[in-house]
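Protein chains in written order, with the working numbering: chain F, 1 to 112; chain E, 1 to 111.
Mixed in with the good hints there might be a few duds.
Pairwise CB distance ranges (calculated) [to be verified]:
| id | chain 1 | residue 1 | chain 2 | residue 2 | range |
| --- | --- | --- | --- | --- | --- |
| 1 | F | 13 | E | 42 | 19 to 29 Å |
| 2 | E | 25 | F | 72 | 24 to 34 Å |
| 3 | E | 76 | F | 84 | 39 to 49 Å |
| 4 | E | 56 | F | 110 | 39 to 49 Å |
| 5 | F | 58 | E | 17 | 33 to 43 Å |
| 6 | F | 59 | E | 66 | 31 to 41 Å |
| 7 | E | 56 | F | 84 | 16 to 26 Å |
Pairs of lysine to aspartate or glutamate, EDC-like flavour, derived with a Cα cap of 20 Å [said to hold, decoys possible]:
| id | chain 1 | residue 1 | chain 2 | residue 2 |
| --- | --- | --- | --- | --- |
| 8 | E | 52 | F | 58 |
| 9 | E | 98 | F | 100 |
| 10 | E | 3 | F | 11 |
| 11 | E | 69 | E | 31 |
| 12 | E | 52 | E | 31 |
| 13 | E | 3 | F | 58 |
It is worth saying that the hints were derived from the structure and are not from the lab. Glycine included, each C-beta is placed from N, C-alpha and C at the ideal position.
The chain contents come next:
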Amino acid sequence: SAVISQKPSRDICQRGTSLTIQCQVDSQVTMMFWYRQQPGQSLTLIATANQGSEATYESGFVIDKFPISRPNLTFSTLTVSNMSPEDSSIYLCSVVPGTEAFFGQGTRLTVV
Amino acid sequence: DAKTTQPTSMDCAEGRAANLPCNHSTISGNEYVYWYRQIHSQGPQYIIHGLKNNETNEMASLIITEDRKSSTLILPHATLRDTAVYYCIVTGGTSYGKLTFGQGTILTVHP
């Protein structure tokens, strides 16, 4: 199993600013995953973060908008850059230490 | 990963079994069927997974048809706390973490 801590749990931000979300895991994992859940929608994978290499982004997501860091095997950050109201969503990180995925509680972001 | 189809919503009486269906007709031989659920305002929670045999754990049972084109998640004695969105996901190989979530089934358990 894995316990994931995400910070902040929620935030309200002004448009044009950036927010960095932190994800801490209680064990070492090779890959960490970042998802977005827009209001009333399902989860969509943003990118996969590997330690020691650049993150791999899914179609529709770019590094300039969602830069990711992965400095070690237990930590990752996702930055939402130059925010607009359309970025208002829940952002979740996930890890798969075995064959099942574990998720953080998410960061609820509101952009005004 | 294979696409899945689930009913949009289902109701269940508390204490009764909840049977949630999922169609995955394009599943390939090395792909597993996973079930997760998301209770309001929380991150998704793993429930169960299987390849071709029926599986049971402390939370639920998973019944997979012989042709593997569909499956059913069974919550044997649903409680109010089981009210959630249930996602059926097909994935395999090295893709365990890259999950494709459909819209899922909103299960409402009534007193």
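Status of each hint after checking the structure:
{"no.": "1", "hint": "13(F) / 42(E): 19 to 29 Å", "verdict": "22 Å, holds"}
{"no.": "2", "hint": "25(E) / 72(F): 24 to 34 Å", "verdict": "42 Å, violated"}
{"no.": "3", "hint": "76(E) / 84(F): 39 to 49 Å", "verdict": "46 Å, holds"}
{"no.": "4", "hint": "56(E) / 110(F): 39 to 49 Å", "verdict": "41 Å, holds"}
{"no.": "5", "hint": "58(F) / 17(E): 33 to 43 Å", "verdict": "37 Å, holds"}
{"no.": "6", "hint": "59(F) / 66(E): 31 to 41 Å", "verdict": "35 Å, holds"}
{"no.": "7", "hint": "56(E) / 84(F): 16 to 26 Å", "verdict": "47 Å, violated"}
{"no.": "8", "hint": "52(E) / 58(F)", "verdict": "30 Å, violated"}
{"no.": "9", "hint": "98(E) / 100(F)", "verdict": "11 Å, holds"}
{"no.": "10", "hint": "3(E) / 11(F)", "verdict": "34 Å, violated"}
{"no.": "11", "hint": "69(E) / 31(E)", "verdict": "11 Å, holds"}
{"no.": "12", "hint": "52(E) / 31(E)", "verdict": "10 Å, holds"}
{"no.": "13", "hint": "3(E) / 58(F)", "verdict": "17 Å, holds"}
Violated hints, listed in ascending order, are 2, 7, 8, 10; each of the other numbered hints is respected by the structure.
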